[in-house]
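Take these sequences, add in the hints, and give me the full structure.
Here this note's numbering is used: the first residue of the sequence shown is 1, the next is one more, and so on.
None of these hints come from the bench; they were simulated from the model. A few of these clues could be false.
[As the list claims (entries may be wrong)] The calculated lysine-lysine pairs, modelled on DSBU-like cross-linking and capped at a C-alpha distance of 35 Å, are:
no.: 1; residue 1: Lys265; residue 2: Lys209
no.: 2; residue 1: Lys260; residue 2: Lys209
no.: 3; residue 1: Lys14; residue 2: Lys25
no.: 4; residue 1: Lys167; residue 2: Lys136
no.: 5; residue 1: Lys25; residue 2: Lys56
no.: 6; residue 1: Lys136; residue 2: Lys260
no.: 7; residue 1: Lys14; residue 2: Lys32
no.: 8; residue 1: Lys14; residue 2: Lys167
no.: 9; residue 1: Lys105; residue 2: Lys56
no.: 10; residue 1: Lys105; residue 2: Lys51
no.: 11; residue 1: Lys260; residue 2: Lys200
no.: 12; residue 1: Lys56; residue 2: Lys14
no.: 13; residue 1: Lys21; residue 2: Lys167
no.: 14; residue 1: Lys51; residue 2: Lys167
no.: 15; residue 1: Lys21; residue 2: Lys32
[Stated by the list, open to error] Taking CB as the label site, the calculated pair distances span:
no.: 16; residue 1: Trp39; residue 2: Val11; range: 16 to 22 Å
no.: 17; residue 1: Ala95; residue 2: Thr161; range: 28 to 34 Å
no.: 18; residue 1: Pro41; residue 2: Thr8; range: 23 to 29 Å
no.: 19; residue 1: Ile157; residue 2: Val59; range: 20 to 26 Å
no.: 20; residue 1: Ala255; residue 2: Arg197; range: 30 to 36 Å
no.: 21; residue 1: Arg197; residue 2: Ser171; range: 34 to 40 Å
Fair warning: this is a prediction, and the values are worked out from it, not measured in the lab. The C-beta atom is built at its ideal place from N, Cα and C for all residues, glycine as well.
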Amino acid sequence: MNGSRYYTVSVHCKNITALGKGEGKLGLTNTKQPFLYAWGPTDDSISSASKSASIKRHVAYGNFWMDMTAATSSDTGEVALPTSAALLSTQNAGADGQAESDGDKVGPAHAAIMLAAYVIIFPLGAILLRFLESVKAHYIVQTLGLLATIIGAGVGIYLSTMYNHSKDISSGHQVFGLVLTVLLFAQWATGFYHHLRFRKYRQSTVFGKVHLYVGPALVLGGIINGFTGFNFSSESHNNVYYGIVVAVVIVVVLALLGWKRWSNKLAKRDGTSSDEWFHESYAMSGAPNNNW
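Here it is, written out as structure tokens:
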């Protein structure tokens, strides 16, 4: 009717009045039986007939009442259904208060924090180290990145308690994410220790070598874990947008680092190179820069 679809359902229930407690107990003689409802989200649909298929959290919920004497039948006949214009108005039922918005706001927050840390903050810290030749700037930015991942992990743990499929924290995405967070702290600590030693003795350390190569590996691991996170949360369609952002950032970072390396080669050929400090700090060559 009027381009809308209406559904009618006749259900045969056995011993249903024995279920529930208090106001939740169904009374077939109750003229104002309380019920609850929820809807959404409407931007995605379930394309599976499996009883174990994942479903998303509703975006809103509320309460309504129904006259059970008009909604039930004591004989084998079906309950009389409204027809024609009567379908356009509510019959023998009504809303009990306003609907309240709900939905999953913690999930997007977790994703945004982790994306900012692994895709923006950590790469930015690496670029600043090479362009500003400042360990202090590198340290500040990477510390912010570490704090972001710790906060993101905390939000992720809280998020895990909200759903049955994640509350035991045993999925690959969850375990790998927590391991990455611990390793990132170790990475931060080894980098801090290396720079203190290098500043004092002007000698490279094994921690510097480890810090140099483990850092990019951890960032890459975090980026990959972002894809698994969207799959785990049944939001795999977001992998397309996430992949585009990651690709753009990788191209920009590689282009900037490549340009810096090329310009340093030209400067070194002309005798004006200033990145020797970086090479010696990581046991490569040159003299240190005291820009701490």
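Now the hints, each set against the structure:
no.: 1; hint: Lys265 <-> Lys209; in the structure: holds, 22 Å
no.: 2; hint: Lys260 <-> Lys209; in the structure: holds, 21 Å
no.: 3; hint: Lys14 <-> Lys25; in the structure: holds, 14 Å
no.: 4; hint: Lys167 <-> Lys136; in the structure: violated, 40 Å
no.: 5; hint: Lys25 <-> Lys56; in the structure: holds, 27 Å
no.: 6; hint: Lys136 <-> Lys260; in the structure: holds, 19 Å
no.: 7; hint: Lys14 <-> Lys32; in the structure: holds, 21 Å
no.: 8; hint: Lys14 <-> Lys167; in the structure: holds, 34 Å
no.: 9; hint: Lys105 <-> Lys56; in the structure: holds, 12 Å
no.: 10; hint: Lys105 <-> Lys51; in the structure: holds, 26 Å
no.: 11; hint: Lys260 <-> Lys200; in the structure: holds, 27 Å
no.: 12; hint: Lys56 <-> Lys14; in the structure: holds, 30 Å
no.: 13; hint: Lys21 <-> Lys167; in the structure: holds, 27 Å
no.: 14; hint: Lys51 <-> Lys167; in the structure: holds, 20 Å
no.: 15; hint: Lys21 <-> Lys32; in the structure: holds, 16 Å
no.: 16; hint: Trp39 <-> Val11: 16 to 22 Å; in the structure: holds, 20 Å
no.: 17; hint: Ala95 <-> Thr161: 28 to 34 Å; in the structure: holds, 31 Å
no.: 18; hint: Pro41 <-> Thr8: 23 to 29 Å; in the structure: holds, 25 Å
no.: 19; hint: Ile157 <-> Val59: 20 to 26 Å; in the structure: holds, 24 Å
no.: 20; hint: Ala255 <-> Arg197: 30 to 36 Å; in the structure: holds, 33 Å
no.: 21; hint: Arg197 <-> Ser171: 34 to 40 Å; in the structure: holds, 39 Å
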